[in-house]
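These protein sequences, in sequence, are chains A and B. Residues are numbered in the numbering used here as their position in the first sequence, beginning at 1, plus a constant of 326. Residues are numbered in the numbering used here as their position in the second sequence, beginning at 1, plus a constant of 139.
Keep in mind that the hints are not guaranteed to be accurate.
[Said to hold, decoys possible] Simulated pairs of lysine-lysine, BS3-like, Cα-Cα distance not exceeding 30 angstroms:
| id | chain 1 | residue 1 | chain 2 | residue 2 |
| --- | --- | --- | --- | --- |
| 1 | B | Lys-162 | B | Lys-326 |
| 2 | B | Lys-171 | B | Lys-331 |
| 3 | B | Lys-332 | B | Lys-171 |
| 4 | B | Lys-323 | B | Lys-171 |
| 5 | B | Lys-162 | A | Lys-352 |
| 6 | B | Lys-171 | B | Lys-255 |
| 7 | A | Lys-352 | B | Lys-171 |
| 8 | A | Lys-352 | B | Lys-255 |
| 9 | B | Lys-332 | B | Lys-255 |
Worth flagging that the hints you see were computed from the coordinates, not collected in a lab.
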Amino acid sequence: MENVASHSNTQDQGEGQEHPIGIYLKVWILLFVLSFFSYLVDYFDFQGMVRWSLIIIFMLLKAGFIIAVFMHVMWERMALITAILLPPLLLITLIGFMISEGLYVFGARVEYLGQPAAAERNHVEHGDSHEGAYHEASMEGGH
Amino acid sequence: MSGQSLTLSQHADTMVEDWSADKETFHVPWGKVMMWIFLVSDTFIFSCFLVGYMKLRRTVTAPWPYPSEVFSLEIFGNPVPLILIAIMTFILITSSGTMALAVRAAQHRDKSAVFKLMAVTAFFGCCFVGMQMFEWSKLIAEGVRPWGNPWGAMQFGSVFFMVTGFHGLHVSCGVIYLMIVAFKVLKGDYDKKNDYSIVEIAGLYWHFVDLVWVFIFAFFYLW
Chain A
327 MENVASHSNT QDQGEGQEHP IGIYLKVWIL LFVLSFFSYL VDYFDFQGMV
377 RWSLIIIFML LKAGFIIAVF MHVMWERMAL ITAILLPPLL LITLIGFMIS
427 EGLYVFGARV EYLGQPAAAE RNHVEHGDSH EGAYHEASME GGH
Chain B
140 MSGQSLTLSQ HADTMVEDWS ADKETFHVPW GKVMMWIFLV SDTFIFSCFL
190 VGYMKLRRTV TAPWPYPSEV FSLEIFGNPV PLILIAIMTF ILITSSGTMA
240 LAVRAAQHRD KSAVFKLMAV TAFFGCCFVG MQMFEWSKLI AEGVRPWGNP
290 WGAMQFGSVF FMVTGFHGLH VSCGVIYLMI VAFKVLKGDY DKKNDYSIVE
340 IAGLYWHFVD LVWVFIFAFF YLW
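The task is simple: from the sequences and hints, build the whole structure.
Listed below in structure tokens is the structure:
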């Protein structure tokens, strides 16, 4: 225990820790590559499960590298790591509740309000007469 | 020598030791603990926005506008999807890299390098906010409002302005924070105690802003 406490990898004053510059540069390049990949997902217009899984994987990888290396979490002691990473896990509960609530609300809107279950998405046109287009759209919306 | 991680059982030992001993739990400067507490609470704020947005997307029956078309720009006569957002993402990652180098320079007490790298980081932050202003004014000119837009679900505008606005506010505050620390480094304010941990703490904030953008980019712009 004594030995572990004074292990030099885990800094004692927080400030003395120093890491080879190479790891920063590697992670930096990796973040560029991953961002470029997630942009390509959109550029090549992947859809469905492929799109969602690729987006989520690239997002989690990027977030993980930023937290672990740029924010130095991988070099911290476990007491601090858990204090940082465990509380956000509570969000899973919130996400779960909101998915179930969302499904219910969507079902109610379709079933009782007669709203469309799968509305056709409109393609976006950039032009000059947008102010007019907006007013028309809000008229049609009729709210 | 740093760089190696502890084994899992060593981690368990440090965990028990740090929480059960009659002394401070976190072996880092107090400012760093405070910054982490702030960042964890900020995580919950942004998570509320994004989870709220997720629920919107689940419940909205009106068609959601295609973000990649909304944010396309015309370059040499051809519309390129989402290009402005891609450039903003690269700028923010670049600024994270220069910030990481600034933290390293602070460990070497290389004051002019710290100042220059932090100033470059802040400059990239300004570029990011500038491009966001361009994006906002373009969309506002096209008729996007928090209560409606020409292309579909009216909630699109409210989510867009709230989430990107709150993130942009974080970037703007970060630029000011970085510049204050950078000038104090240059003046030698941290030499009295030879304590440069403030640079790492400011870096934590800046990387967090980049981290939030990763999630906004994935969920709002690519979804």
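Cross-check of the supplied hints:
1. B:Lys-162 - B:Lys-326: violated (35 angstroms)
2. B:Lys-171 - B:Lys-331: The given pair, whose Cα atoms are some 19 angstroms apart, holds under the 30 angstroms limit.
3. B:Lys-332 - B:Lys-171: holds (16 angstroms)
4. B:Lys-323 - B:Lys-171: holds (18 angstroms)
5. B:Lys-162 - A:Lys-352: violated (37 angstroms)
6. B:Lys-171 - B:Lys-255: holds (23 angstroms)
7. A:Lys-352 - B:Lys-171: holds (25 angstroms)
8. A:Lys-352 - B:Lys-255: Holds, at roughly 22 angstroms.
9. B:Lys-332 - B:Lys-255: holds (22 angstroms)
Violated hints, in rising order: 1 and 5; the structure is consistent with all others.
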